[in-house]
Amino acid sequence: MKRTLTSMGAVCLALAVPFGQAVADEDADLVVNGELEITVRAPAPAHVENLDEITSGWVYRSTETQAFQLDDFENPGMIFVDSGLESWTKVEGEAGESCASCHGDAEEMAGVSATYPKWNDNAEEVRTLTMQINACRTEQMGAEEWAYDKSDLLNMTALLASVSRGMPVNVAIDGPAQAAWEQGRDLYYTRTGLLELSCANCHEDNYGNNIRADHLSQGQINGFPTYRLKNARLNGVHSRFRGCVRDTRAETYAVGSPEFVALELYVASRGNGLDVEGPSVRN
Amino acid sequence: MKRTILAAAVAGMGTIAFAETAPSDITFGEYGQIEASLSGQPGDPAAGLEIMVARGKGNCIACHQVTALEEYPFHGEVGPSLDFVGERWEEADLRGIVASAKMTFPESVMPSFYKTEGFIRAGDGYTGRAAVGDIDPILTAQEIEDVVAYLMTLTE
Chain X
336 MKRTLTSMGA
346 VCLALAVPFG
356 QAVADEDADL
366 VVNGELEITV
376 RAPAPAHVEN
386 LDEITSGWVY
396 RSTETQAFQL
406 DDFENPGMIF
416 VDSGLESWTK
426 VEGEAGESCA
436 SCHGDAEEMA
446 GVSATYPKWN
456 DNAEEVRTLT
466 MQINACRTEQ
476 MGAEEWAYDK
486 SDLLNMTALL
496 ASVSRGMPVN
506 VAIDGPAQAA
516 WEQGRDLYYT
526 RTGLLELSCA
536 NCHEDNYGNN
546 IRADHLSQGQ
556 INGFPTYRLK
566 NARLNGVHSR
576 FRGCVRDTRA
586 ETYAVGSPEF
596 VALELYVASR
606 GNGLDVEGPS
616 VRN
Chain H
2 MKRTILAAAV
12 AGMGTIAFAE
22 TAPSDITFGE
32 YGQIEASLSG
42 QPGDPAAGLE
52 IMVARGKGNC
62 IACHQVTALE
72 EYPFHGEVGP
82 SLDFVGERWE
92 EADLRGIVAS
102 AKMTFPESVM
112 PSFYKTEGFI
122 RAGDGYTGRA
132 AVGDIDPILT
142 AQEIEDVVAY
152 LMTLTE
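The listed protein sequences correspond, in order, to chains X and H. Here our numbering is used: position 30 in the first sequence is 365, and no number is missing along the way. Here our numbering is used: position 51 in the second sequence is 52, and no number is missing along the way.
Hint data in this document are derived by calculation from the structure and do not stem from the laboratory. Incorrect hints may have been included.
Only part of the chain H face toward chain X is listed, based on derived beta-carbon distances under 8 Å [what the hints assert, rightly or not]:
no. : residue
1   : C64
2   : V67
3   : G77
4   : E78
5   : V79
6   : P112
7   : F120
8   : G126
9   : R130
10  : A131
11  : I139
12  : A142
Bear in mind that the values here come from a model prediction, so they are computed numbers and not experimental data. All C-beta atoms in this analysis are idealised placements derived from N, C-alpha and C, irrespective of residue type, glycine included.
Input sequences plus hints: build the corresponding full structure.
Encoded structure:
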């Protein structure tokens, strides 16, 4: 071998700006409608050992994509919030109830999104917000479950996120949730598929770097559900996980699986301190 | 280094067959280098270029910037620029890095392109489903040689 690893590091630093990628303004601040300040950078929580600062995925998007979130009239995700609001007051199921008949105005749910996934004592399980919505539907309303990460559910999670915007993510990781959190952490650091890449390889070791045309973020989920310009609809957390695992040429876990619930708890906890900003806009 | 060609004439058939080294049979050097051609044949740099830029093949530019490949967008920043890599490394080193980068760079994020065992949740391409049957390496022995031949052209 001719060169040492040290000189290779120097080569790395000398790397020219890559060609063609859209440029992000990584220093921009997110203020919605000129008044609602969203925390997109925060000190990393103590349990996130390898990061000093946590950042929202918004920070890494191009200036054009970032702009969609500055004004609710420009944010295509807000259309789905309106659909969610229609479901909120709609009576469905044998009990003759709607979400609103138990919970009042949707605004009463401010802060709820920020604490999920969360341990449920009665069910003795960690529930994602999606699971909790479905539990309300089946147990309280006598209505059918909504399909995981499909439109009815995403509209509802978009509504619940929207009323928590500007409130910091604050997911509990201790007590009865700890086992699932640890499982999620193991999954986060496991290198899967023929490409042998873990979540951490891309989102912890390489955030801020381009991978082909994509500008890697920290893979935070404070912006979910996200409206993606690529598929012009809302996207759920587990669907995103599924896409990322698939891209390692791996067999993915299923949307709604216990593994993805645990991973969601862990990834959400990595964002403790960032504000909820869903429905966000991504490319 | 002198290239060792493991070509063997098959008697009686009038054709030439070459001894291909399977992923599990590779002998690595001290720094992870592989001395002999994996296919037993020399690589073709033009074919190597196509593999470097193809998403379903090497997709090397997903992580590496290469000035000579400027016309093929987009280039990543996850790994170092490959400009002048043919000067920095010997052919045997490059063969080792492309076939099994973790032998040279422990814990590297760079995938092993000539590996068939020891994966966690191996998938069937980019389908998200489980791999069925024996796993093929991401690149064949000859494709590794082609990529290495291309990398050797990156001298100035």
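- [ ] Go through the numbered hints given earlier and state which of them the structure violates, listing their numbers in rising order.
- [x] 2, 12
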